Amino acid sequence: MPAITRNTVPAISVSGLSHAFRGHQALSNVSFCVLPQTLHGFVGPNGAGKTTTMRMICTLLQPNKGEVEIFGSNVRQNISAVRRRIGYMPDHFSMYRQMTVAEYLDFFGTAYGLTQVQRDRVIGDVLTLTDMDGRRNDLISGLSRGMQQRVSLARVLVHDPDLLLLDEPASGLDPRARIELMEILRELRRIGKTVFISSHILSELADLCDAVTVIDRGQVRYSGPMDLLLETTDQQPLWNLRLTTVLPGIIEKIKALPGVAEVTEPEFSNGRDFIIRSAEGLTGNDLLRALLPLDLPLASFGLQRRHLNDAFMDLTTRGVPA
Amino acid sequence: MISGTTALFVWTLRADNRSVWPHVVRGAFAFMMLFTLSLAWTDAFGTTRIGLRFFETICSLNILIISVAGISYFSTAVTEEKDAGTLALLQLAGMSPLAITLGKSTSRLVSSLMLLAVQVPFSFLAVTLGGVLWQQLLAAWCALAAWLILVANAALLCSARCSTSGRAAAVAGSSAILFFLLPAVTRTTTAAIPPGILPQPVMTVLTNLPGALEIVSPLKRIDQILNNWQNTGFFGSQFTVSILMAAACFAVSTCRLTAWARHVSDSESLSGPAKRRLPVERCWKLPLIWRDFHFYTGGWPFFTMKFLAGFAVYASFVAIQQVSTDRWNIVLEQDFGWTAMLVFASVLTVEVLLYSSGSLFSELRQSTQSTIAMTPCSTVSILLQKAAGCLIAVLPAVFWSMFTLTVSRTSVLTLVDMDTIVVWGLMLIFSSHVAALFSLYTRWAALPLTVLVSFFAFFVIAGPVLTIPDVVDRIAITHNYRPSRAFAWTITAFWTWLFTLLPLQLWIRDQWIKLSRQ
Numbered sequence: 001m002p003a004i005t006r007n008t009v010p011a012i013s014v015s016g017l018s019h020a021f022r023g024h025q026a027l028s029n030v031s032f033c034v035l036p037q038t039l040h041g042f043v044g045p046n047g048a049g050k051t052t053t054m055r056m057i058c059t060l061l062q063p064n065k066g067e068v069e070i071f072g073s074n075v076r077q078n079i080s081a082v083r084r085r086i087g088y089m090p091d092h093f094s095m096y097r098q099m100t101v102a103e104y105l106d107f108f109g110t111a112y113g114l115t116q117v118q119r120d121r122v123i124g125d126v127l128t129l130t131d132m133d134g135r136r137n138d139l140i141s142g143l144s145r146g147m148q149q150r151v152s153l154a155r156v157l158v159h160d161p162d163l164l165l166l167d168e169p170a171s172g173l174d175p176r177a178r179i180e181l182m183e184i185l186r187e188l189r190r191i192g193k194t195v196f197i198s199s200h201i202l203s204e205l206a207d208l209c210d211a212v213t214v215i216d217r218g219q220v221r222y223s224g225p226m227d228l229l230l231e232t233t234d235q236q237p238l239w240n241l242r243l244t245t246v247l248p249g250i251i252e253k254i255k256a257l258p259g260v261a262e263v264t265e266p267e268f269s270n271g272r273d274f275i276i277r278s279a280e281g282l283t284g285n286d287l288l289r290a291l292l293p294l295d296l297p298l299a300s301f302g303l304q305r306r307h308l309n310d311a312f313m314d315l316t317t318r319g320v321p322a
Numbered sequence: 001m002i003s004g005t006t007a008l009f010v011w012t013l014r015a016d017n018r019s020v021w022p023h024v025v026r027g028a029f030a031f032m033m034l035f036t037l038s039l040a041w042t043d044a045f046g047t048t049r050i051g052l053r054f055f056e057t058i059c060s061l062n063i064l065i066i067s068v069a070g071i072s073y074f075s076t077a078v079t080e081e082k083d084a085g086t087l088a089l090l091q092l093a094g095m096s097p098l099a100i101t102l103g104k105s106t107s108r109l110v111s112s113l114m115l116l117a118v119q120v121p122f123s124f125l126a127v128t129l130g131g132v133l134w135q136q137l138l139a140a141w142c143a144l145a146a147w148l149i150l151v152a153n154a155a156l157l158c159s160a161r162c163s164t165s166g167r168a169a170a171v172a173g174s175s176a177i178l179f180f181l182l183p184a185v186t187r188t189t190t191a192a193i194p195p196g197i198l199p200q201p202v203m204t205v206l207t208n209l210p211g212a213l214e215i216v217s218p219l220k221r222i223d224q225i226l227n228n229w230q231n232t233g234f235f236g237s238q239f240t241v242s243i244l245m246a247a248a249c250f251a252v253s254t255c256r257l258t259a260w261a262r263h264v265s266d267s268e269s270l271s272g273p274a275k276r277r278l279p280v281e282r283c284w285k286l287p288l289i290w291r292d293f294h295f296y297t298g299g300w301p302f303f304t305m306k307f308l309a310g311f312a313v314y315a316s317f318v319a320i321q322q323v324s325t326d327r328w329n330i331v332l333e334q335d336f337g338w339t340a341m342l343v344f345a346s347v348l349t350v351e352v353l354l355y356s357s358g359s360l361f362s363e364l365r366q367s368t369q370s371t372i373a374m375t376p377c378s379t380v381s382i383l384l385q386k387a388a389g390c391l392i393a394v395l396p397a398v399f400w401s402m403f404t405l406t407v408s409r410t411s412v413l414t415l416v417d418m419d420t421i422v423v424w425g426l427m428l429i430f431s432s433h434v435a436a437l438f439s440l441y442t443r444w445a446a447l448p449l450t451v452l453v454s455f456f457a458f459f460v461i462a463g464p465v466l467t468i469p470d471v472v473d474r475i476a477i478t479h480n481y482r483p484s485r486a487f488a489w490t491i492t493a494f495w496t497w498l499f500t501l502l503p504l505q506l507w508i509r510d511q512w513i514k515l516s517r518q
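Protein chains in written order, with the numbering used here: chain A, 1 to 322; chain B, 1 to 518.
Only chain A is shown next, with the shape it has when bound in the complex:
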């Protein structure tokens, strides 16, 4: 993830965003920042204000209060300039089902003012990227949900935007389609796109995203690097140890080591995974040094990270917003 410097213009800068629908405060002083060329997750319970924020970022909705800037351009003042730099994929299927895949992309390419030569090249590229090359002449109505989602993604990429706003792109997809979608998103980050993605599938976001913003009841609960959010909050860090084989009585041996406060076996570990709580002031190196004399068949050793689910549950409030 790129470091924030004075010269880095944020891809998205949201400050003091507030919005109310018929007396219901949907957003309240929402502020966060998305760095360029990163994958930024946007999570929150249903009704938290994710889609409202998304629609304000993509210029479809004017906020009552606050400012949104896309690569330094204000969305109120430079709507057309902003729209050319963003690709928005809404949370519902929005497709001309009677068109073929190529016609659909050709239509949007033309709407964005691309010449026929440019369209031919771009359509080929985006279909290759989304692995839909072989389906270009298929009617959209005959495609599976996962494939339609890929076509939506291809449509978003047709005018080569710098910023992609994806609202629940993985909803309703089977595991294979989800994994493939995540691969495409990684590829997009690699080629320099900024991706702002809202999703409920937290486990995949944790692996995928560089940063995350958690929103609940219209307020930002956390916005920053994913690693920072997933660090354990305990004073004594937890360490994850995995062995290649099962060794009987190993827990007692580890417990007896100096500097080890507690050893537990997580559920479904098959006797090869252990969580070690070290004594106060002990670093990972110290602990590893203490473990080496045991000559363990080590598979991996690392800091135990919180699961995004746990962080999410800690940050958000129980119950449905009124």
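Hints are computed from structural coordinates only; laboratory data are not their basis.
If you're wondering where the values come from, they're calculated on a predicted model, not measured in any experiment.
We put the beta carbon where it would ideally sit given N, CA and C, even for glycine.
Treat the hints with care, as some may be off.
[Unchecked claim] Some chain A residues well away from chain B (every beta-carbon gap over 10 Å; in silico): (1) Ser171; (2) Arg176; (3) Ile201; (4) Ser203; (5) Asn240.
[Stated by the list, open to error] Label pairs and their calculated CB-CB ranges: (6) B:Leu415 to A:Gly23: 53 to 61 Å; (7) B:Ile477 to A:Asn64: 53 to 61 Å; (8) B:Arg276 to A:Asp160: 22 to 30 Å; (9) B:Pro503 to A:Gly124: 40 to 48 Å; (10) B:Leu219 to A:His200: 56 to 64 Å; (11) A:Asp160 to B:Lys514: 24 to 32 Å; (12) A:Thr264 to B:Pro376: 57 to 65 Å; (13) A:Arg145 to B:Leu181: 38 to 46 Å; (14) A:Asp160 to B:Pro503: 34 to 42 Å; (15) B:Asp417 to A:Gly124: 57 to 65 Å; (16) B:Ala30 to A:Asp174: 50 to 58 Å; (17) A:Gly72 to B:Tyr441: 35 to 43 Å; (18) B:Val416 to A:Ile79: 44 to 52 Å.
Once you have looked at the hints, place chain B on chain A.
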């Protein structure tokens, strides 16, 4: 079955009750009564048959509205479940085909019968005004109710058979047009064909067809009731046959619902990758024109078909004229010219209203309005492109109307003058705007509401539209200038646009922007 049917029935009635539009339509019907009353009063002032004139207008309007509304309202009864993919869920919940057809259609039918019922007390004013008996009134309302029940069940059959609402509406609409046009066309054809040309059995069928169709015709029945009351019964055969036909449609819909629904889901899931048979050309520079022309109106194949159909219609008129007058002439004379013009003008009117009420709605149905809004096209450009796409599609009807008007001018002008034709054109443009606007607010009522509003607006718009050219002429003459009629009509068109079309255009634009943001 009863609990499922009741749940569906109550739910649909509740949804209907909560929506503001059915109430607006009912209010509009009540207003219509008042309007027709004043119309009858001015029209028949000084005569003793004001009540008859008043009630005749009410009946004609009701037949028109039932026929138009029936297509758009009842034909979606089952297909809206198919469109949403919930028909299978209803079946899984243990609802039998009878429960589904009964639950989905009865509530709509009751809701529509309520529209008729709201008018009944007002219509009794006709008895006071004179010229009609209360027995005639009740008999006419029964005939209208029977027609409504027949339309509802015939549309239900289309809804059960077709896979989408669009197809169901198209089939139901075509059937209704055919029903009303076929007797006149068949009569004219059989009268014009000299004996011996067609085989006797064919001639017998053609001769008896109009009479058979008119058994259920509400127009014929109302005419009988109001003008030949002594020789007709209270119910008449129209009522009985309509109810029997409606029951047959309902029975077929119910019996075949499962098989037809299975056929739809099978063809969706087992067909594999779907390919189009005819290729579509590359996207035009203005993409929404291309989109609407090719994917909403049917594109070049449909365009060519309509053009050839127009040619066939005109050629048929020429052929019939030749057979009856024994003289070949491309110019249609006497009644042939204006009849042909009437056919083309009717087709053009129906096409314009269907396209204008469906073009913007098709975007809402596919939830594509916000995606289009994100492109660099401005809202005005989006709306104009969509209108242009539909305009290309109506060119065959425009061409054949203009061709008939130009070539067979003398015959056409025996029925209407040029001023009336221009007023019709302006009213058509006005109605297309109204239909487009209503389609952004309501799902099924856009067309019937447009018919209602256009009917009332005609009296408001036609007066000034017909007067302005004369005023322009007089003002020009006082300044020693003698303008052509075309100049006067240009001025009229400008004022009509400024005071009626522009406000509608701005309203459509604002509503479209609002919907794009949702």
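*Does the Cβ-Cβ separation between Arg145 (chain A) and Leu181 (chain B) fall within 38 to 46 Å?*
44 Å, holds
*Outcome of range test on Cβ distance (Ala30 (chain B), Asp174 (chain A); 50 to 58 Å)*: 54 Å, holds
*If you check the beta carbons of Leu219 (chain B) and His200 (chain A), does the distance land in 56 to 64 Å?*
58 Å, holds
*Can we trust that Ser203 (chain A) is non-interface, i.e. its beta-carbon lies farther than 10 Å from all of chain B?*
29 Å, holds
*Hint says 24 to 32 Å; check whether the CB-CB distance for Asp160 (chain A) and Lys514 (chain B) agrees.*
For Asp160 (chain A) and Lys514 (chain B) the Cβ distance comes to about 30 Å; the hint holds.
*asked:* If I claimed the Cβ atoms of Val416 (chain B) and Ile79 (chain A) lie 44 to 52 Å apart, would that claim hold in this structure?
replied: 49 Å, holds
*Mind verifying the non-interface call on Asn240 (chain A)? Its CB should be farther than 10 Å from each CB in chain B.*
44 Å, holds
*So the hint says 53 to 61 Å: do the beta-carbon atoms of Ile477 (chain B) and Asn64 (chain A) match that?*
Holds: the Cβ-Cβ distance is about 59 Å, inside 53 to 61 Å.
*CB of Pro503 (chain B) to CB of Gly124 (chain A), is that within 40 to 48 Å?*
47 Å, holds
*Within 22 to 30 Å or not, the Cβ separation of Arg276 (chain B) and Asp160 (chain A)?*
Holds, at about 28 Å.
*CB of Asp160 (chain A) to CB of Pro503 (chain B), is that within 34 to 42 Å?*
41 Å, holds
*Closest CB-CB distance from Ser171 (chain A) to chain B, is it above 10 Å?*
Holds, because the least Cβ-Cβ distance between Ser171 (chain A) and chain B comes to about 15 Å, which exceeds 10 Å.
In this structure, none of the earlier numbered hints is contradicted; all agree with it.
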